[in-house]
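A.B. asks: Chain by chain, the residues:
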Amino acid sequence: MSVFIDKNTKLVIQGITGRDGSFHAKQMMEYGTQVVAGVTPGKGGQKFEGTVPIFNTVFDAVKATGANTSVIYVPPPFAADAMMEAAAAGVSLVVCITEGVPVLDMTKVYPFVKERGVRLLGPNCPGLITPGESKVGIIPGRICLPGPVGVVSRSGTLTYEVVYQLTRAGIGQTTCVGIGGDPINGTNFIDCLEAFEKDPATKAIAMMGEIGGTDEQEAAEYVKKHMKKPVVGFIAGQTAPPGRRMGHAGAIISGSSGTAAEKLEAFAAAGMGISKRPMDFVELIRARLK
Amino acid sequence: MSVFIDKNTKLVIQGITGRDGSFHAKQMMEYGTQVVAGVTPGKGGQKFEGTVPIFNTVFDAVKATGANTSVIYVPPPFAADAMMEAAAAGVSLVVCITEGVPVLDMTKVYPFVKERGVRLLGPNCPGLITPGESKVGIIPGRICLPGPVGVVSRSGTLTYEVVYQLTRAGIGQTTCVGIGGDPINGTNFIDCLEAFEKDPATKAIAMMGEIGGTDEQEAAEYVKKHMKKPVVGFIAGQTAPPGRRMGHAGAIISGSSGTAAEKLEAFAAAGMGISKRPMDFVELIRARLK
Amino acid sequence: MNIHEYQAKEILRSHGVPIPPGEVATTPAQAEAIATTYGTAVMVKAQVHAGGRGKAGGVKFCKTPADAKEKATAILGMKIKDLTVEKVLVTVAADIGTEAYVGIIVDRATKKPVFMVSAAGGIDIEEVAATTPEKILYVPVDVRYGLPTYDAMRMGFFLYEDVKLARGAAKIMQHLYAAFMAAGCSLAEINPLVVTPTGDLLAVDGKMVIDDNELDRKPDIAALRDESSEEPSEVDARNANLTFIKLDGNVGCVVNGAGLAMATMDLVKYYGGEPANFLDIGGSSNPEKVVNALRIITADKNVKAILFNIFGGITRTDDVANGIVTATKANPLKVPIVIRLTGTNEELAMKILTENGFTASSDMDTAVQQAVALAKGGK
Amino acid sequence: MNIHEYQAKEILRSHGVPIPPGEVATTPAQAEAIATTYGTAVMVKAQVHAGGRGKAGGVKFCKTPADAKEKATAILGMKIKDLTVEKVLVTVAADIGTEAYVGIIVDRATKKPVFMVSAAGGIDIEEVAATTPEKILYVPVDVRYGLPTYDAMRMGFFLYEDVKLARGAAKIMQHLYAAFMAAGCSLAEINPLVVTPTGDLLAVDGKMVIDDNELDRKPDIAALRDESSEEPSEVDARNANLTFIKLDGNVGCVVNGAGLAMATMDLVKYYGGEPANFLDIGGSSNPEKVVNALRIITADKNVKAILFNIFGGITRTDDVANGIVTATKANPLKVPIVIRLTGTNEELAMKILTENGFTASSDMDTAVQQAVALAKGGK
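Here the protein sequences line up with chains S, E, U and B, keeping their order. All the letters of the first sequence, read from the start, carry residue numbers 4 to 293 under this note's numbering. All the letters of the second sequence, read from the start, carry residue numbers 4 to 293 under this note's numbering. All the letters of the third sequence, read from the start, carry residue numbers 974 to 1352 under this note's numbering. All the letters of the fourth sequence, read from the start, carry residue numbers 974 to 1352 under this note's numbering.
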């Protein structure tokens, strides 16, 4: 079992012929992901690597292949349109890897996907992987291992670090989800926690947050109220200089300064395990799996 | 019983101090409608006719009085904003009397009220009346009579004509609803038919359509499929010159030219009574009430 | 409100749609001069608010300036569907490779502006819709988001396989949409959208219909109205804030409300008469409106009887009565009048009319029958 | 990206916000000349990217041009929070009746731009939020609809009882919102929004922070960047497409990914070290980035050891290895380096490093401990 993607995921890759898109398309295909289509305007009718049909539009791709998930590797100026196209064309999950999407674009994309009932992951995220079944995005497949831990993180490489530590210790994962670190993203911690709580295969959850905003505090509140499964948390940025990653005004609105201390306090109050170093996840999770 | 409004309707009047607004505010108050508030920016704190408190915004009015319905008498350039304000401020029914609202404004207002789950009646409509209980809009109260007939119409004065004929014949109404004749309006025939079908007090329905569009055809389809109560229909514009009230392009999209003949045919196919003259409603409805 | 091709093209051009150069001429000499400055073959196109200009001979290809002068001479002053051609557009003739149709209208069903595009352009889109509906792609636009690039590209690829043309067409769709919204259109069309043999996209004909309700807040657009190209009585009525459409019958109708006005005309017909017009004096009470309505109706020499049918709601019937008295005092009627009034201030209205020698009833059916009989020469 | 007050005001003015006349001076003589042309009392205001300019003595009222010259002399060249004042804004001094605060930020929680307005303006809005939160009205804006008039009026009435002022403020909110969207802001403020004794509204101070992700598509806005007012090493890093923040420690960190970079700094601290910087080389592989990163880090004389922590996903670790080799060949390192590499093409990377005399490990924890020890003078 898993969350969001599994072996039945049929993927269309937007920007499949670009530098990043083609590289990761191959990686995903090698991993075993069902890559059913690619999209590059003007290359409709061609094939990627001789096997994957390319279409001019996501509409054409979905119609011809029944793709139910899209992953986006297009440059930032086109990413908002790509997310909306995927949602409009009828996939149920859109994963946007692109980094550097203007936040005001997201204020428009967010309600667009919401009113279509489509799940958006990202932007500026590494995607997700269900080890042994399907990988959508850029998380390196070989650092993962099937198993009982749900992983959710705001950061890319930090996720790899933690997953790698778990895997080396023989602790596998149901699904690893990178939700991305942008101020406005499609899926938040709570969405993932909820999914992991429902997934029978997930026995414990590793959650990696960052300073800034209040998503981690709200997630902790959710853990306290709704979760039976154990959650271990980490916050990156305990030594980061204040005020460099978020403005004062944001803090006013949320009634919070978004510091690591505040977030860790919320974790503790929710009865969550707290991983002080990335590598501490291993023992904390192991203890909770017994 | 009735639809949409009754004696519990608590009304806020937007544009209460304007020419039309003040005239009809008095009419509604005389009829017995619970007029709990008025709105005119800059006159907040004053009272209308010494009794109805005036507010600067609909937000203030709803907060202070618990108004659940709004009626709008503001000039066309301000009508779209007024409809959105009412919907945002938390009333559940917005009735817009204003004539001459640009249709492109309505392409924005429509989704705005829909996503808030608010019912909009109009614009460019006479409003509605539940005889003996409440009147919201401009339908003359004295031509109505409580009774078993639901009336729904795209036209203002034509509604009066038919209601007046019914009343003179001693046939009363549950609620008379003028949905307005603009290309994009908030409530259509089907919405009203559905409400009348559900209303135990309504025993028969009189429906007045016009040439143009396909609302009447869809309503007829609805009657055929979903209605147990008898419906009598009329179409105005049988002798109107073609192409003067609707463009060719509209006809292409709808796959229909929107002629009276086509609409009357749909009525007949749905087993509806057909009133050839406005005055024929009396006998047709009387027969169906037996 | 209809505007001319040259006006629509000017708006489209200002929003970035590629349009062949063109100028308006009102005399053959002007047409020749314009053609001379271009130094290429030109089209001379009648500027009237009517379809089928081509079939009527109102659009001509001209190889030389002299040719343009000659064709302009023929077209200026000709009648197309009862409208006299007062202006021609002299525009550079485009080399035409393929022709597509691109249009937007406000659609009642989806409650959105909807694009219609077809690679089968240049001909009537109604014909395409009737015979080969699969050749039209419909794309509704959610105005909250505007026209997204992906939808514009989807239309571009529906028209052209080549990605460069698809992108070019997508840009044109976005410009057209911007123009449609900015001008407050209920319809905007490019037909044909042409690909030239050298691969350029060009809007060779453009059409726009403006929502009348937009005109108050868009004075620049309102100023485009060309009253010389409309029925004078309808211009007169509009300036008096009346909705008036001239017809061929002999019963002049003055009614408040469009629905009741249509129902009244239907009833005239039902009783064997022919309405001379549609006239809606609207909702607000103003004796002046009645005066203007009577002036406009009595100007039509076909009118043999006048029928007032007023159901007072917002409209106060005493205002209508006063209007009738004022108007007929200034210009005594030469034809019989039948007055039906009921509703707001009905008693006062009846008193005013009676005191001034009019009779009035409160029943629509009998009033219509009476008017039909009088128009036929009865009593 | 921060822009100066005078730049923000120019943008606001171009969107219709009423701003007192003002011009920028870089010399006292210029300040005097500008004050002379206005012929009124002026304010001389330091243009630096720092709050608390007033308290630091960077904002002065000047009655005469001579006074303006004198104050400009004092302000130009002064340091405010480590930043040297290179420019002053000389602006007509407004008569102040009341002061309000108006701001917009992009809010993570509602995922919308949110207005914050308060009649308690002129002071720090953080202070108002902390002490009298009921004095702030928050109004989120759904960008699909823009800022509706009713919400703008609601804010107007929250600030002013008088309907004329409320309407004026509502218009200013709409202009501010338009400017916020057009410039791609993450924050825009007018503080104070002043009502003059004669009842006019004036934006006396303006601030804007631009979303860095907007700059590529908004060259006009990107051109407003004033590199002279930023930390030189951060400017250098940005021009090399690196995210760099200088800190006070001695362990130079080169990491890929912001989260891992922060976690690495945290781990340095955890083992008793002090990071010299935050540096994210980002996701895409490019040896050039590594070269630039090393150049920037080694320019900091505090740095006693360099720590690479690379987890290759999109980033190819062989590219990083090549970058290290290239950079150190050109400029041999004077401090020890600890390299941790794992992930994409790890074996190749190790081979490159080994062949060039470097050692590298694949474990983060030991690498960090080693770097901390080396920075302390250990081995």
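Source of the hints: derived by calculation from the structure; they are not laboratory data. Just so you know, these numbers come straight off a predicted model, no measurement behind them. A couple of the hints might just be wrong.
Taking CB as the label site, the calculated pair distances span [unchecked claim]:
no.: 1; chain 1: S; residue 1: Gly-48; chain 2: B; residue 2: Ala-1155; range: 52 to 62 Å
no.: 2; chain 1: B; residue 1: Thr-1299; chain 2: S; residue 2: Lys-50; range: 30 to 40 Å
no.: 3; chain 1: E; residue 1: Glu-224; chain 2: S; residue 2: Gly-48; range: 50 to 60 Å
no.: 4; chain 1: B; residue 1: Arg-1268; chain 2: U; residue 2: Gly-1070; range: 35 to 45 Å
no.: 5; chain 1: B; residue 1: Gly-1119; chain 2: E; residue 2: Glu-197; range: 54 to 64 Å
no.: 6; chain 1: E; residue 1: Glu-224; chain 2: S; residue 2: Ala-67; range: 29 to 39 Å
no.: 7; chain 1: S; residue 1: Lys-231; chain 2: E; residue 2: Glu-224; range: 43 to 53 Å
no.: 8; chain 1: U; residue 1: Leu-1306; chain 2: E; residue 2: Pro-78; range: 27 to 37 Å
no.: 9; chain 1: B; residue 1: Ser-987; chain 2: U; residue 2: Pro-1192; range: 17 to 27 Å
No residue lacks a Cβ here, since even glycine has one placed at the ideal position from N, Cα and C.
A.B. asks: Compare the structure with each hint and give your call.
C.D. replies: Consistency of the hints with the structure:
no.	hint	in the structure
1	Gly-48/S to Ala-1155/B: 52 to 62 Å	40 Å, violated
2	Thr-1299/B to Lys-50/S: 30 to 40 Å	38 Å, holds
3	Glu-224/E to Gly-48/S: 50 to 60 Å	42 Å, violated
4	Arg-1268/B to Gly-1070/U: 35 to 45 Å	56 Å, violated
5	Gly-1119/B to Glu-197/E: 54 to 64 Å	33 Å, violated
6	Glu-224/E to Ala-67/S: 29 to 39 Å	33 Å, holds
7	Lys-231/S to Glu-224/E: 43 to 53 Å	50 Å, holds
8	Leu-1306/U to Pro-78/E: 27 to 37 Å	35 Å, holds
9	Ser-987/B to Pro-1192/U: 17 to 27 Å	24 Å, holds
Checked against the numbered hints above, the structure violates hints 1, 3, 4, 5; every other hint is satisfied.
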